[in-house]
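Asker: For reference, the chains in residue letters:
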Amino acid sequence: MIFRKSGFVFALLASLVVLFSCSSKKTKPAVSFYYWRTELSLKKNEKAALKENQVSAIYLRCFDIVYDEKLKRAVPHAILRFRDTELVAQIVPVVFIKNQVFLELDSNGIDTLAEHTFLLLEQINQSQSISAKELQIDCDWTQKTSENYFHFLRLLKQKLGAKPRSFPAAKLSATIRLHQIKYAGLQGVPPVDKGVLMFYNMGKINGSPVSSVYDRNLSRSYLAALNKYPLPLDFALPVFAWGIHLRRGQVIELLNKMDSRDFANKNEFEANGKSRFIAKQSVFKNGFYFKAGDEIKVEEIEAQDFESMAEDLTEHYKRPIEQLIFYDLDSINISRYEKDIFKKVATDF
Amino acid sequence: MRKIFSKKLLLISSLVATVSAGVLWACGGGDWDEYGVSAYTPEAFVDSAYRPFFYSDMFYYEMGHDVQHIYRFNDEVVADWKTYLKRPASDTELRYFLLTASLGMVDSVIANAAKKLPGNIGDMYLVKEKSSKKVAAFFHFLYYAKANENYAAPFHYYWDYQEETAPLKLDEEQLKSRAEMEVEMKKAKDNFIAQRYFFQVVRAYFFDGEFAQCISFYETNKSRFPENALAARALSYVAGAYYKQKNYAQANYLFSRVYDAGVKFKTVAHYSFHPQEEADWQQTLALSKSVDEKVTLWHLLGIYFDEEKAIREIYTLQPKSDKLDLLLARLINKQEIESNTESTAYGGGNYSPGKDSLSKSALKLVSEIADAGKISKPYMWQLSAGYLHFINQDFNKAAAYYQKAQQAMPATDLPQAQLRLLVLMNHIAGMNKMDKKNEDFLLKDLVWLQSVSDGSIPHFRFANAYDWIKSRMAGLYARQHDELRSEFFVHRDSFYENPLMVASLKTFLLNKNPTAFEQYCKTIYPLSARDIAEFQYIVLSYEDKIDAALKLADSTTDGGELPGNPFNGNIKDCHDCDHAAPQKVKYTKIGLLQKMQEMKENITAGKDVYNNSLLLGNAFYNMTHYGNARFFYECAVIGSYHYAPDAIPSSFRKMLLNQSNAKHYYKKALAAAVTAEQKAKMTYLILKCERNEWYNKQYENGSLDGWSEAGMPPINFVSLIPFKNTKYYEDIIEECGYFRSYLGKNK
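If you're matching them up, the sequences are chains A and B in order.
Start counting at 1 in the first sequence, then tack on 26, and there's your number in the numbering used here.
Start counting at 1 in the second sequence, then tack on 202, and there's your number in the numbering used here.
I should point out that these hints are in silico values taken from the structure, not numbers from a laboratory.
Among the hints, erroneous ones may be present.
Unchecked claim - In silico BS3-like pairs for lysine-lysine, Cα to Cα no more than 25 Å straight-line:
(1) A:K70 / B:K446
(2) B:K536 / A:K311
(3) A:K344 / A:K197
(4) A:K300 / A:K283
(5) B:K557 / A:K317
(6) B:K511 / A:K292
(7) A:K306 / A:K69
(8) B:K522 / B:K576
(9) A:K283 / B:K448
(10) A:K317 / B:K562
(11) B:K522 / A:K306
(12) A:K283 / B:K446
(13) B:K446 / A:K69
(14) A:K317 / B:K511
The following block holds chain B by itself, in its conformation from the complex (with noise of 0.2 Å):
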C-alpha cells in the first residue's frame, strides 16, 4: 500500500520499542503466583515437611521437579563421618575425600606414605592418621564407594548411542567389587562401616539389574542394622526393585515406608508411588502392619488425586494425624481456584470465589470434622470450613466457624493474619452499604493489610483478597453513586471525564485535617494533588482556556523540556526530525502555554494576526498524538509511550487525536493571510488535520488499529490548485507523494 504524506499514520519511529506507560493502577502481585487465586495460606498451618506438596502449578511447590538426587544425602554423609571418626577432621577434608576426591587420588593416599603425596593432600589430618583403625577403614571403604558411583550417580553426554542404551549390567570389575563388599560387610565388626557395604551392595544389585537378588540381600541382613537414614536409602531401592518387577502392591508399600523416613525422602517417594490397577492399591493397603502405615498410604493418594477420599480414611484411621493438615489445605487450596470465577460484578479484580463451582461434598466433610473436634488443629478445621461457608456465601455460618477458629487459634503471625484476613472478607461479603459507621468498623483491618503489603509476614496470601475487598467496597460506594471514594478503591479512566469529580478529587486530597479513613484512602491511591493539577490544567489547555491552564500550573506540575519545537508545521509529520532538529528555545509545558497565551493576546489586538495564528495552530496541532509534542500530554492520569492511538486510555482519547482547535488557528490564519505562499500553506495545514479527522473517524467505527496500515485517507486537494504557481505548492509535490499521485490522477 502506498503510504500517505510519506509516513504511516503511526507516527511511531521514535517509540517503537516503548509501550505505553502510566501509573501502576493497584492491581495484585498474586495473580501470577504458582498456587493461583488464593486467600488460604498452607504455611500457617502445615508442618513444612509436606511444603513439596502444597497445591501449586508446578509438579512441587516452589521447587517444580526434584532435581536433587544426586547430591541428596551429601551433607548427611559427610555428618556420619564425621561422628564415627570422633577426631578433629575438617568439614572440609570429610567433604574432599567423599564427595569430590577421584578414585585414582583414594587409591593413591592408601598407597603412598603421606609425604609423597602432593603437599595438600599430604598435609591433611585424615591421610596422617590413615592408619588408625577408624581412618583406615573410611578409606578402604572409600575405595569400593568410588569404584562404584559411576553408575549410581553418571556423568551423561547424551548423544552417544551404547552409552545411553546399555543395558543396566555392571562391568565385570565392578561385580567383583560388589562380591568383595558382601565379604567386607559380613566380616566388618564395627556396624556403622558394615552398613555403609550393606547400602552400597544393595545398590549394586538393583543397577546390575538382579532385583530379586536385591531384595533376598536386603532382607536377609536388614536386621543387623539401625533403622536410619541410610537403611531408608537402601530401602528405596528394593521398592524400586520391586516396581521393576512389577510388584506394584509391595513396591507401593514400601515407596510409602520411605515417605515416613524423613523430610529429605518425602518427595523422592511420592514421586515414586504409582498404583496401577484397584486391585494391586487394595493388596498395598493390605500389606500395611499398622494404622500409621495405612495413613501414610491414604496420605499419599490423597495428594495425587483424591483429597476429600484420603481425608475420610485418615480422619477414621487416626483424627489427629498431622497427615490430615497438608490434605485439608490442598483440598481448600483447590476448591477456592475452583469456585473462582474470573470477573467480578465490579472492577477488575481477580478473586471473585462463587459459590456454583464449590464441591459441597467438601463443604459437608470440612465442617463435620470441624464440629466434631476430635482433630490435632481444630482451629484449623473451624477456620477452613468457615472459609468454604464464605465461598458459599453463607457469611454466617463462616463468621460463626472464625469465631471458634479463634479461641484458639496460635499466636504466631502468620495464623493470626490468616484468620484476620478470612474474617475481614467476610465481614465485607455481608456488608449491602458503605457508611461511616461501616468505615470506621473496617478501618483498622484496612490499615493493617495495607501495612502488611510489604510482605513483612513471609508467605501470607493477601493479595488476591486485598484487591477483591477493594473492588467489593468500590462496588458499594458506585451503587451509592459516591464516585469519589468508589475511585479509591478501584480507580477508573472515565472518572476523570467529569472535571467536577476532579477537582473534588483534588479537594479531598489537599484536606489537611481528613478523617482516619480519609487519610487511609489518600495513602492507597496512588496520585497526589500535584497530579491531579497537572492533568487539570493540561485538560483546561486542550479547551483552549489557556489563561485558565495557567492559573492552575506551577514549576512543581511543569514536567521538563518539550523534546521538539512545537511552533514547527511542516508539509511532513515527523517527530524523529523534529526532535533531532537544533532549537534555539527549548520550551517547557507552561513555557509553551506562556508563548501560546502571548500569541492569543497579540490576535486579540490585531497584531500579525497571521503568523500568530499560523503559530498557535501548529500548537495545538503538535499538542495532538499526530505533532510532536505528545509529551505535553504525558502525566500521571493519562500515562506516557502511547505508541497508537488505541493505546490512549479511551476516556481521554478523543481530547487527544482532537484537530479542531488546530483547525480553528489555521483558518483564521488563512483567513488573514495575504500572499499565495500563506494562503497555499494554511489551506495544505487544514487538509493535513482533516487527513487526522478521516483517521479519527475509522479508530471510532473500529475499521482502524494501532498496528495495521491506514488505507487513503479521500483529501480533496482541489482547494491547493489555485495555488500551484507558489513555491509552497512545489515543496507538498516534493515532499508528499499522495499529492503527487493525486495531481498524477487529476491532470
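Next up, chain A with everything else stripped away, as it sits in the complex (with noise of 0.2 Å):
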C-alpha cells in the first residue's frame, strides 16, 4: 500500500514536471537564412535584414556535389567565393549533394567523396577562419539511395567527432522533404543530430492554379505524421518566389527569381487572374523568351502564409522548435515583405 501511495505521489510530480516544462518550451525559434548565391557578397537591404530580424546564423550553401558522367566521379560544383568576409552572423556550412551520386557511386567512392568533401570543407572554413557549430547537408535522398548517403553521413558524423579545428564540437544536421516525413518506414531516417523540415515544393510544377511551392491543403497531408519523426526538427520555410513559364498549358521552364513584380503594369504582358499573366507579344525578359500568348503563373509567399504554417506546424509538432531556417537570403526575396517580418514570424511559432 505504502509503495503503491508513494508510487501514485511520484507519478503526479512526474506530471507536474512534465508541465511545467511544456509551458516552459515556449521560447520562440531563432530566425536563421540559407543562403544559396555562388557570391557571398551581401547587398544592402540583405544586410539590414539580418540585423533587423537579429538573425542568429546563416546556412551558407558552401558548394554542390553532383556526378559528372564523363569523368565518372563525383565532383564540387559551383563552389562559394567569398566577397564580403564581415557576417554578423554565425555561419553554417551546406552542402548541396545530387541523389544521382548516391545512385552512380559504390561504398569505395562514398568513402573518397567524405574524404574529399571534409577536407573541401575545412579548406573553406579555414580561408575565412569559420569555425562552425554544425553542418548541414541536402540531399533530396530515396529508397534506393539511402543506404549510400546514411553511410556518406556516417563517415561526415566521424569526422566531426574528431573536433577538427574548423569544426569544434559541431553537430550534424540534414534537409528533410515532405515526402520522407511521411514515408519515413520505406526511405529511412538520416542519421544525422537533427533534421531540417523543408516546407515547401510541397506540389507539382504545373499550370493548375495550386502553388507548387507552398499550399495549406497538400501541407495538411504530410503533417500527421510529423511528430512522430524521430528527429528533433528545425523548420525551413520559402520565401522565395519564381514563375512557370507555360506554353499552350505545357510548362516550358521555371523563371527563377521572377515574381508578379516582373510582369504587372508591364506593356508586354496583361493580368489573368490573381499571379497570372499572358505575354502580348513575344519579348526578351530577364534572360527568358516569351512567346505571344504565354502564360506566366507567378508562385510566390505571402506574409499571411506564414501564420497558416506556423499554426500548422506547431499544432503538428510538439516538441520545442529551435530555428526557422528562410530560403533564401536575398534581395528580390526580402523586398517583398517588410523589414522585420521574419522576426514577427517567429513569434508565431
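Since each chain comes alone in its own frame, lean on the hints to assemble the complex.
Answerer: Here it is as C-alpha cells:
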C-alpha cells in the first residue's frame, strides 16, 4: 500500500514537471537564413535584414556535389566565393548533393567522397576563419540511395567527432523533404543530430491554380507524421518566388527570381487573374523569351501564409522548435516583405 | 504472415531473376529515339552543318552537350602548321610537339643540340631542322603557346578550394609572356606567325579578366590578318569579353558572326548566344551590317525559341537562305511531337498525329511559303506543307502538296524515301476499307517499307510511321470483321482464344500458293505454322484431348525435355526440388502426352485405375502454372518465364491456372482407392487443388497480384481427419505448417 501511494505521488510529481516544462518550452525559435548564391556578397537590404531580424545564423551553401558522367566521379560544383568577409551571423556550411551521386558511387567511392567533401569544407572554413557549430547536408535521397547516403553521413559524423579546428563540437544536420517524413518507414531516417524540414516544394510544377511551393491543403497530408518523426526538427520556410512559364498549358521552364513585380503593369504582359499573366507580344525579359500568348504563373509566399504555416506546424509538432531557416536570403525575395517580418513570424511559433 | 504449405503462392524460386518473355511482337524501335515520335527525317533536306540543332531531347542532336572545347581545333592547328612549314615533317611529329610535348621538352629542343636530346626526339626531322627560319619560328612560338596553355586548357583536380576559386588572373610569368608575345606579333614579318601571337595575346587578356584590353587589342590589330578560323577563334574571346562586360547586344552580335565562321564554331557560338532583354536584342539586330548577318541572328533566335517567327523574318529578308531549312525541319518535328496523341484508336501504335494540337499558324505559314515558291528547296516546303495538312487530316490537300513535291524531289535515297513514306501514310489515312484493290495498291510500298526495316537507308525515320500504318490497317480489317488479316498487322492475344481463327491462321501460313499480298502478311508475321501447331496441341492437352493433341504434335514441335518429373505429386510444391531431383526417365512434351495417353487407355480398360488416375492427376497438376512442368506450355504464342499469374497473357491465364483436370483425375483415384493411405493422399491432393482455386479467385477479383503475399486460404482440412492414423497424415503434419496450425486451432 505504501509503495503504491508513494508511486502515485511520484507520478503526480512527474506529471507536474512535464506540465511545467511544457509551458516553459515556449521560447520563440531563432531566425536564420539560407544563402544559396555562388558568391557571398551581401546587398544593403540583405545586411539590413540580418540586423532587423536578429538573425542568428546563415546557412551558407558552400558547394554542390554532382556526378560527372564523363569523369565517372563525383565533383564539387559552383564552389562559393567570398566577397564579404564580415558577417553579423554565425556561419553553418551547407553542402547540396545531387541524389544521382549516391546512385552512381559504390562504397569505396562514398569513402573517397566523404574525405574530399570534408577536406574542402575545412579549406573553406580555414580560408574565412570559420569555426562552425553545425554542418548541414542537403540531399533529396530516395529509398534506393538511402544506404549510400546514410553511410556518407555516418562518415561525416565520424570526422566531426574528431573535433577538427574548423568544426569544434559541431552537430550534423540534414534537410528532410515532406515525403521523407510521410514515408519515413520506407525512406529511412538519416543518422544525424537533427533534421530541417523543408516546408515547401510540396506540389507539382504545373499550370493548375494550386501553388507547387506552398499550399495549405497539400501540406496537411504530410503533417500527421510530423510529431512521430524520430529526429528533432528545425523548419525551413520559403521566401522565394518564381514564375512558371507555360505554353499551351505545358510547363516550358522555371523563371527563377521572377515575381509579380516583373509582369504587373508592363506593356508586354497583361494580367490574367491572380498571379497569372499573358505575354501580349514575343519579347525577351531577364534572359527568358516569351512568345505571344505564353502564360506565366507566379508562385510567391504572402505574409499571411506564414501565419498558417506557424499554426499548422505548431499544432502538429509538439516539441520545442529551436530555429526557423528562411530560404533564401536574397534582396529580391526580402524586398517583397516588411523589413522585420521574419522576426515577427518567429513569434507565431 | 504465415506461409502456406511452407511456400508462398509464388513458386518463383527458380525464376526469380527472369522476366516473362514471348515473341517480340512487332512494335517499332523508334519510340525511344532522342527525337521522339517522328516520321519526318531532317537529314533528308537539311545541311549536315546544322545537324547538332535538329530537334531532340538532348541539348545537341546525337551529341548531348558539346564537350569538345579543348580538342576542337587540334586537326586544324596541325594542318595549318604543316602547310606553313612546307617541309616533310610528319603529322606524328607535328602532333607530338603541338599537342603532347611539355613546355620543358620544347625548351630542351630550343636550348640543346639535336644529338644531346633523347634519340626518339633528336632524330625527328623538325628537331634536326630547328635552326632553319620557319622551324625556329615554330619552336619559338610553341614555347610561348605552351607557357600559356594551363589557363586555357586547365587540368582540374576539383577538390582544392584555392585552385577552384582563384580569381581570373594571370600570374607574373604569364603577364610577362603576354607582353613579349605582343612584341613578337609586332616584329613578326610573317603574317602566319604574327596571327598566332595575336590570337595568344587576345586569349591572354581574356583569361586575365582584362576584357576592355582584350577588345581593344583585337580591334587595333585585326585588320592585319585574314578572316580565317584562327581569326574567328580570337573573335569568340572578344564576344566573350563583351558578355563579361554585360554588353549583351554586342556579345550576341559577335557570337552570331562566330556561328557563321564554320561548322566547328556552330555549337559553341549557339551555346553562348543569350539575349537578355528585348532592348539588347533589338540593339543586336541593329548592329548587323548585312542581310546575311541579320538572317543569322533570326536563325539563332529561331533555334532557341521561336521557329515560326524566325522563319517569317528570314523569309522576308532572304527567302533562299539555307538557314530556313533547319528551322522548317525543327518546326515540323516539334509539330509532330506536339500533335501526337499517346494512344491510337486501335492497336498499340504510338504514332498518332491528331489535328487538335497542330499549330494552325504553322500550317498557314508553311503552306504560304510552299505556294509562293521563292525558297531554294520548294520540294522540302511542299512536302512539309503536305505533312502538316496530313496531320490536320486534310488528306486531299496533303496529296496535292506531295504531288508538287515529287516534281523536283532530289533523286537520292533519303528524300525519295521520305516522300514515299508520307505519301503512303496519306493513302492509308484516306482509306476507309481494306479490299483487294486497296491491298494491291499498297502492296509495293508496304513491301518496300518492310525491306528498309533493316536500316539500309541511314537516318530514315520510318519505324513509328510503319507501326501506325499497321495499326490503321489492322483497325480497318477489324472493322470489317476480318480478324485474321487484322492479326497480321497488330497482334492481340485474344485472337488465339478462338480455335477456328487459330486454325485459319495456320492454313493461311501453310498455303504454298499465296498471293503477293498474302506473302507480305506472312513475312511480317513473327510466327510460323509450326508455332501455331505447337500452340494448338498444347491447348488440346489442357482440354484433356490427349489423343487429338498427339495427332497434331510431331518432332518439329516437341521443344526439348521437361526439367522435372511431371508425374510427381508432393505434399509441398517445390519446382527447384523437383527439377534438381534425379530422374530415371526424362520426358519431352510429346513423351509426356504419349505416357498420359497410355494411362488414359489403362483407365478405360480398368487397369490399375488408382495409380493411373493419380499419375494423370499429377501430370495435369504439373502442367498448370502451379506445377513443376510450366515448360510444357511455354511456346512462341503463350510466351515463357511467367513469374506470376499476372505475367501470363490474360487470354491464356484461365487455361494455365485451371485445376479441374487434376481434380478430376484425383477424384477418380480417390474413388478407386482401397487403402487408408491412398485415400489420405488423394484427399490431400484434392485439397491442394482447391487451395489453388481459391488463389485463382483472388486473382480474378483483383485482390491479389504477383508481387504480394497471399492470404490464408480457407481450407477445410476436416476431410483429412478420418485418416489420422495413416503415415501420409503424419507426413502432412511434418511438411505442412498450415495443416499443423489448423490442427492446433481445432483440437
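Asker: Are the hints correct? Go through all of them and say.
Answerer: Taking the hints in turn, this is what the structure says about them:
1. At roughly 24 Å between alpha-carbon atoms, A:K70 and B:K446 fall within 25 Å of each other, so this suggested pair holds.
2. Restraint check: the Cα-Cα separation between B:K536 and A:K311 comes to about 24 Å, which is no more than 25 Å; the hinted pair holds.
3. Annotation: proposed proximity of A:K344 to A:K197 holds, straight-line Cα distance about 22 Å (limit 25 Å).
4. A C-alpha spacing of about 18 Å is found between A:K300 and A:K283, which places the hinted pair at or below 25 Å, so the restraint holds.
5. Under the criterion of a C-alpha separation no larger than 25 Å, the hint pairing B:K557 with A:K317 is consistent with the structure, at around 22 Å.
6. For the given pair, B:K511 sits about 22 Å from A:K292 by alpha-carbon distance, which is consistent with the 25 Å threshold.
7. This hinted pair does not check out: A:K306 and A:K69 have alpha carbons roughly 34 Å apart, beyond 25 Å.
8. Taken as a hint, the B:K522 and B:K576 pair is honoured in the structure, with Cα atoms around 7 Å apart against an allowance of 25 Å.
9. Pair hint A:K283 plus B:K448 holds up; C-alpha atoms about 19 Å apart against a cutoff of 25 Å.
10. The straight-line distance between the Cα atoms of A:K317 and B:K562 is roughly 16 Å, inside the 25 Å bound, and the hint therefore holds.
11. Under the criterion of a C-alpha separation no larger than 25 Å, the hint pairing B:K522 with A:K306 is inconsistent with the structure, at around 31 Å.
12. Between A:K283 and B:K446 the alpha-carbon distance is near 21 Å, which keeps this suggested pair within the 25 Å criterion.
13. With a C-alpha separation of about 21 Å, the suggested pairing of B:K446 with A:K69 holds against the 25 Å cut-off.
14. For the proposed pair A:K317 and B:K511, the alpha carbon gap of about 9 Å is at most 25 Å, so the pair holds.
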